[in-house]
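Sequence lines, in order, name chains A and B.
By full-length UniProt numbering, the letter at position 216 of the first sequence is numbered 216, and the numbering carries on one by one without gaps.
By full-length UniProt numbering, the letter at position 268 of the second sequence is numbered 268, and the numbering carries on one by one without gaps.
Rather than coming from a laboratory, the hints here were simulated on the basis of the structure.
Straight-line C-alpha distance at most 30 Å; calculated DSS-like pairs for lysine-lysine:
| hint | chain 1 | residue 1 | chain 2 | residue 2 |
| --- | --- | --- | --- | --- |
| 1 | B | Lys679 | B | Lys410 |
| 2 | B | Lys221 | A | Lys281 |
| 3 | B | Lys244 | A | Lys681 |
| 4 | A | Lys329 | B | Lys256 |
| 5 | B | Lys429 | B | Lys679 |
| 6 | A | Lys682 | B | Lys221 |
| 7 | B | Lys299 | A | Lys275 |
| 8 | B | Lys232 | A | Lys317 |
| 9 | A | Lys329 | B | Lys299 |
| 10 | B | Lys204 | A | Lys317 |
| 11 | B | Lys410 | B | Lys559 |
| 12 | B | Lys221 | A | Lys683 |
| 13 | A | Lys683 | B | Lys301 |
| 14 | B | Lys299 | A | Lys682 |
| 15 | A | Lys275 | B | Lys202 |
| 16 | A | Lys317 | A | Lys329 |
| 17 | A | Lys681 | B | Lys301 |
| 18 | B | Lys640 | B | Lys598 |
| 19 | B | Lys441 | B | Lys484 |
| 20 | A | Lys682 | B | Lys301 |
| 21 | A | Lys681 | B | Lys221 |
| 22 | A | Lys275 | B | Lys203 |
| 23 | A | Lys281 | B | Lys301 |
| 24 | A | Lys275 | B | Lys204 |
| 25 | B | Lys244 | A | Lys683 |
| 26 | B | Lys232 | A | Lys275 |
| 27 | A | Lys281 | B | Lys299 |
| 28 | B | Lys203 | A | Lys317 |
| 29 | A | Lys230 | B | Lys256 |
| 30 | B | Lys299 | A | Lys681 |
| 31 | A | Lys195 | B | Lys301 |
| 32 | A | Lys451 | A | Lys591 |
| 33 | B | Lys202 | A | Lys317 |
The structure displayed is predicted, hence computed values, not measured ones.
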Amino acid sequence: MGEFKVHRVRFFNYVPPGIRCVAYNNQSNRLAVSRTDGTVEIYNLSANYFQEKFFPGHESRATEALCWAEGQRLFSAGLNGEILEYDLQALNIKYAMDAFGGPIWSMIASPSGSQLLVGCEDGSVKLFQITPDKIQFERNFDPQKSRVLSLSWHPSGTHIAAGSIDYISVFDVKSGSAIHKMIVDRQYMGVSKRKCIVWGVAFLSDGTVISVDSAGKVQFWDSATGTLVKSHLIANADVQSIAVADQEDSFVVGTAEGTVFHFQLVSVTSNSTEKQWVRTKPFQHHTHDVRTVAHSPTALISGGTDTHLVIRPLMEKVEVKNYDAALRKITFPHRRLISCSRKRQLLLFQFAHHLELWRLGSTAATGKNGDILPLSKNADHLLHLKTKGPENIICSSISPCGSWIAYSTASRVFLYRLNYEHDNISLQRISKMPAFLRSALQILFSEDSTKLFVASNQGSLHIIRLLEGSFKHLHTFQPQSGTVEAMCLLAVSPDGNWLAASGTSAGVHVYNVKHLKLHCTVPAYNFPVTALAIAPNTNNLVIAHSDQQVFEYSIPDKQYTEWSRNVQKQGFHHLWLQRDTPITHISFHPKRPMHILLHDAYMFCIIDKSLPLPNDKTVLYNPLPPTNESDVFRRRTGHAFKISKIYKPLLFMDLLDEGTLVAVERPLDDIIAQLPPPIKKKKFGT
Amino acid sequence: MPEAGAWPAVGCSCVRSKMVEEESVRVVHCGGSELNFRRAVFSADSKYVFCVSGDFVKVYSTATEECVHILQGHRDLVSGIQLNPSNHLQLYSCSFDGTIKLWDYLDGILIKTFLVGHKLHALFTLTRAEDSVFVTINKEEPDVFQLVLVKLPKSPSQEIEAKELSFVLDYINQSPKCIAFGREGEYVAAVRDFYLSVYFFKKKTISRYSLSSSKNKKHAKNNFTCVACHPKEDCIASGHMDGKIRLWRNFDDDRKYTYTCLHWHHDMVMDLAFSVTGASLLSGGRECVLVEWRDSVEKNKEFLPRLGATIEHISVSPAGDLLCTSHSDNKIMVIHRNLDTSAVIQGLVKDRSILTGLMIDPRTKALVLNGKPGHLQFYSLQSDKQLYNLDIVQQEYINDSGLIQIELTKAAFGSFGNWLATVEQREEKESELELQMKLWKYNKKIQGFVLNTKISMPHDDHITALCFCNAERSETPTLVTAGKDGHFKVWILTDDSDIYKKAVGWTCDFVGSYHKYQATDCCFSEDGSLLAVSFEEIVTIWDSETWELKCTFCQRAGKIRHLCFGRLTCSKYLLGATENGILCCWNLLSCALEWSAKLNVRVMEPDPHSENVVAVSRSSGGSDLFVFKPSEPRPLYIQKNISREEVQWGVFVPRDVPDSFTSEAYQWLNRSQFYFLTKSQSLLTFSTKSPEEKLTPTSKQLLAEESLPTTPFYFILGKHRQQQDKKLNETLENELVQLPLTENIPAINELLHTPAHVLPSASFLCSMFINSLLLSAETKSAEEIPNDVNMEEEKESDDSDEENNFTEHVQTTNNADLEEDIVYQLSKSEEKELRKFRKVDYSWIAAL
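Turn these sequences into a full structure, and let the hints guide you.
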């Protein structure tokens, strides 16, 4: 495995924005998640919960509601009063439409998927018709006195329930008039609170309306008579979200105390048809408010201020109890936020609205394996680059030589030239970017820093030659005819001849940069690509997929390598396949061609292709490096996967030179420390 | 001087031979058995509550807390009781003796006995299975228990063999709390360790659900402790070691089962019970708080706190109006549905070590000893019931392990029950001793003890003995305390510093010591003229008038543990028992050792009504009892091996009516009865029959009276019976000043029982009413005279009831069969009186 000097970086001050809404799409088994900064992420639940797409946020666009309609169309609405539709192919916003009702608090699609209902600040409930390429305002319902915070359709589509402050209204869709107004009790444990906010409603097919409110109650109402049927007081704080299963036999609510409660419809006696709702299990996976919950057929999904997306499978619904049925907690994005300049030992950190450039510290000391070396020179914060405008940064990159920085927002691509004079650093913006370079999904510099590769959201790839202080557009690879799929992963060979690009679903395309033509396409695989890299010298393309498979494809031979075929024949170790975070970065050791270095959030691994592959009986994780054991033992237990779990959560790991690694960690405790304090709960015995 | 001889050899053979002749006297248990061994059961109308008590089943009235019946017949511990589902006036009981008995609890009659043959640990009945019951038995291995169905054959005979067992569940927990039958007996749930098994009778399948039992902190205390089933729904509630309650639902499906957690208890859930409708769940545990979970919602709960002791069992009445909790301090509380305590049935509290020893309250003749933590309990030996608890420490008891509590270590009664002295101590570490002595005065008005003086740190070290001067002639009450600090202190009652000189309090009058030796015991002579204090090996005699040292005795035979003066004719003797097994008797006139004997005395108690002294010694085989007079070195009576365990305390209880043992050996039992307490806290005595047997007639009579309707006729009849009683025991003094009971005044009775439309105006009735309340007989009108006489008779007879019900009941047994005839014959004379009443009635109506 070899010994490395490791820069253990903990100054990447990244805090993921809190989760505001989740929307589950049963058809495609995908989950849309919107965060407080307006970012929308799409998770593919069948592809090992991989975050396959994302839409950058916008300062003024705080999302309050997210829903799927018409099958695969995704809509969001927010406090700026606009309804947005997202283009899931091109990964951009299709259009934004003002609802003219002030800030929008809630939005929901009709059971048929053809209509969209929004609840606004001014108390209006507006119905929109979804047309194939747009939405069209149809009519207003009876206006209410206060903001409409939650909406729910009756599964037949004839009635809707709307939750406002202190009351719930039931509307008849045909006439648009309110037929019931159900007043919610303001009392909270005997004390009258100022207001009782109905945070969520759910309309069941038998006419029951379930409401959750700021007084900590879950209440069941009969919509036919407008009366309260049953009330469960479950929390001392707000109950903020509710989601019902499609079968209507269970629902889930999330509270501001971070607890998620599961309610189930249980028959009163085994042989009668009478059923009752029973609160069954509480789940405490969050520390802060659970702002949103979703109920997939097999799992409860919750997200909130503490930035975790928690997917808790329902054991009774899971057919086979394999690793898929385990609890998932997703905190970090499944893409790289860090790039590094090997030559100058620089790290570029990407934040929502700025970039930070750091120079790594250095040490003169040497030590044994496991020693912590004292720094002779501390890490330097060289640059703090703020973006202009309200848009979030999509991607960024620093050139290997360290003299170029490029980043992109949803509407512009920025390129900067860095000049180093002793300890001073000057920044020069390259203006006049070409008009076609409007937005990039991925930016990559070539190894010699002379070329810039930009994957635009139209599916095209641009090659730009960088000159001293200026640039020249070389070529554009147009997308394959008929597809508009955006490329979001790029890899270039160290010799600069080959460029590999991968989209969200289809295969990996390999382009010949010299001849400016498509060289070949790696056969498509069912699972999305999470990381790509081309090995030096051999020009083997290493591809990691979200199902934890790793392939090696020889570009010159246009086929999978022998090693890759062997791996496929024998299969990966079951523990390797059970890891729950995707591989986000692959790199190579310049002196050891048989090694592949890769990492996910919880481990760093060196695959030594010369060693035998582990089978299911061998120990995959070797906790201690074999230092004192005999060679015989080492040979017997040695296998191709050398795994280190020292650094976690690991956001980035790369080889700086032959003997030096850089690892960027982001401890969860540091993130929690930056969040607002959670609701104080009395703990018994304290 | 006689030598120290080994006593047991002396009179052993002769006593043995006598015992054969008069075999009737033996050591018997006398009450105080556990009432909290199993769940109590309510009768269908909630009028009675049944509970197991040793070998008996006791029937208590829920309204009066009185024990109405004792169902006896089992020969071992009763382990389960259930109402007969087909006849709710009958009760099944099962016992370790392997029988199931069916009782008529209203009359206290044993109807049938079913011989099962196995040791039965629990009993369950089902409405569905009328002719069979479920019992828990263990077959081979000691810890493997089975739930079996026993078919009870129908047969007219009294004793029936029931050998037809069909097996239901194996490997269950022994405790009946771990088994519950579900809705309409469709399934049975049993818990053990970490799993819950449910057996469905219709499907004949078992479902098993287990909880994680891993050693990590979160799941380490997942053990099941108890289970209960919802009466209407398919819902099982289980209690756990960590204080959680789980409500299981959908348990007929192995995959879709689910549970809800309710968590309030911080320690083990001891018992669970659903209300009759199932709307609420009751739970209890070490917190001494009864929790009611309404609608099984975690936030919707009610509490009944400060119940005093760990809740062991909870049961609900079939009518749904009452529930009861059994507590670890041998108490049953009957609680209304709205969580108001309505009755407390308190047995002898036994869950702590007895430090004060046994005493007799001179007023109530109750046995007094340590009760609940920090309390002194007054336990009536006659009715096997606690009379009351006196809170000595007066601090809320916090139930937490490892907490060092204040302990009540010594108590003594003085001046014929007018004064009570108590000592409490708390010792956190060796050096930090907190001592407090409290003196309580008996208050006639409130009929209880009131704190008079509190002395903190009366001695610098542990107090070893406490005694009052109980001589009749002494005008000021005197108390002597002896401490390990080498002093004995004399405390007397003096005027306090109050300017009106009305308040009285206790102050230290004299401090005595002897060569810095630790004072080990102290004792006043019967006439109060002498005080003996033992200082380790030396006995000192002090004059109680002048507090000067009169003389010392030293035998060099080890530290003196017990000291007592002889009584009556033997008052010139002083007895001392030492730690290394020597009993010495000194003559106070000659100031010389009269005799000594080798006897390892544990308990030495003088009989207050005779010269006899009882000494209980510890030997290898058990405890032996010796009765002797100080004047004679030979014992009067020896009984070897009265108990296998060490006897810790003993006391003589004076008999109200002397017994008449003709045999010489038992004459020491004629005036007083000897009670003693063993290490495992069983209260034993010498008797011809068990005291419970003696009690039965009382309860029968009580029941008969209770069943009578309260009509005017009843009052006449009742009055007559009381007159009869009065004749039987006329020799009783009347101490208590009692107001006449309003129901017993005829004038008021008339007022209340006459229809309103024939009554004269209220102003007319007023003077008559007021007159009737007066006690003086100066202005008696002619027709009121007989009534008043009756009233007084009643009053007296009431007192006699309280004072001496024991003898009275003995008498009633004798003429129990005659009673009915008497009543019948006398009804004619009563008719005359009735007629007189009628005259009175119409006289004032005519005056209208």
